[in-house]
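Counting with my numbering, you get residues 1 to 209 for the letters of the sequence shown.
Hints were generated in silico from the structure; no laboratory data involved.
Just so you know, not all the hints are guaranteed correct.
[As the list claims (entries may be wrong)] The calculated label-pair distances, taken between Cβ atoms and stated as ranges, are: (1) S84 x D61: 36 to 46 Å; (2) D61 x R159: 39 to 49 Å; (3) R159 x V52: 41 to 51 Å; (4) S128 x E44: 22 to 32 Å; (5) V52 x E30: 43 to 53 Å; (6) D61 x K8: 19 to 29 Å; (7) R77 x K3: 41 to 51 Å; (8) K67 x G146: 27 to 37 Å; (9) T18 x E130: 18 to 28 Å; (10) E130 x K8: 25 to 35 Å; (11) K58 x N164: 37 to 47 Å; (12) G71 x D19: 35 to 45 Å; (13) K20 x L83: 40 to 50 Å.
[Claimed, not checked] Here are the simulated EDC-like pairs of lysine to aspartate or glutamate, each with C-alpha atoms no more than 20 Å apart in a straight line: (14) K72 x D61; (15) K72 x E151; (16) K167 x E151; (17) K185 x E64; (18) K185 x E201; (19) K185 x D28; (20) K32 x E59; (21) K205 x D189; (22) K185 x E70.
The beta carbon of each residue, even a glycine, is placed where N, CA and C say it ideally should be.
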Amino acid sequence: MEKIIKLKPDLVLATPLTDKQQLKIMKDLEIKVIEIPLASNFNEICKNFLQVGQLIGKERDAEEIIKESEGKIDYIRKQTAGLSKQRALVQIGARPLFVATKEYFINDFIGWAGGINIAADLKSGLYSREEVLKQNPDVIIISTMGSMVGEEEKKEWQRFPSLNAVKTNRIYIVESEKLCAPTPKSFVDTLKEITVFLHPETEFKFTND
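Input sequences plus hints: build the corresponding full structure.
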């Protein structure tokens, strides 16, 4: 808090996870604080992005970025529309095992890349390795989660040779920032990457994009 106050910001962007006492202190000091809601899908990512653009006087730039991203996403979805659906699991936590459900925008990544999120209908992202073995995904995508956790988790899954994802060597690691905190523009880049994970035959379609 001391550092924020010392910087004398014109605007502070907060999330629902920001400490409420800190919010009160900043507001009492007449620092402008805007709370940005957490996004659960791509449309909400765009809505938040546009709001930030409006706040900093860059609304037109934000609109152009969103429009361009939507066009690229539409292209990718057309490329995957007729492909076989690959069953995928996206792991975003290790201990306990935590996965992306349909309440996360990560679900859009999987669906638009031509896949099926095997954890989509869970009430909670908490999962068990036993259930993963039962569902037997074709692809496992792991968020880095910092340091070497992603690599460690990949090795953990490789202990189960009966998994389709292990049999075909289709366990991938993606940087947490790309997977869990995308902008409309970076969302497209991550979507391309995941599309190639699920459908390697599509890679050539993005080489000159």
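Evaluated hints:
1. S84 x D61: 36 to 46 Å: 39 Å, holds
2. D61 x R159: 39 to 49 Å: 48 Å, holds
3. R159 x V52: 41 to 51 Å: 43 Å, holds
4. S128 x E44: 22 to 32 Å: Given about 29 Å between the Cβ atoms, the range holds.
5. V52 x E30: 43 to 53 Å: 21 Å, violated
6. D61 x K8: 19 to 29 Å: 25 Å, holds
7. R77 x K3: 41 to 51 Å: 43 Å, holds
8. K67 x G146: 27 to 37 Å: Given a distance of about 34 Å, which is inside 27 to 37 Å, the answer is holds.
9. T18 x E130: 18 to 28 Å: 36 Å, violated
10. E130 x K8: 25 to 35 Å: 53 Å, violated
11. K58 x N164: 37 to 47 Å: 45 Å, holds
12. G71 x D19: 35 to 45 Å: Holds - the Cβ-Cβ distance for G71 and D19, about 39 Å, lies within 35 to 45 Å.
13. K20 x L83: 40 to 50 Å: This hint holds: roughly 46 Å between Cβ atoms.
14. K72 x D61: 17 Å, holds
15. K72 x E151: 31 Å, violated
16. K167 x E151: 18 Å, holds
17. K185 x E64: 10 Å, holds
18. K185 x E201: Cα-Cα ~23 Å, so violated.
19. K185 x D28: Roughly 35 Å between the alpha carbons, so the hint for K185 and D28 is violated.
20. K32 x E59: Distance ~19 Å between K32 and E59 Cα, so the pair holds.
21. K205 x D189: 13 Å, holds
22. K185 x E70: Holds, at about 9 Å.
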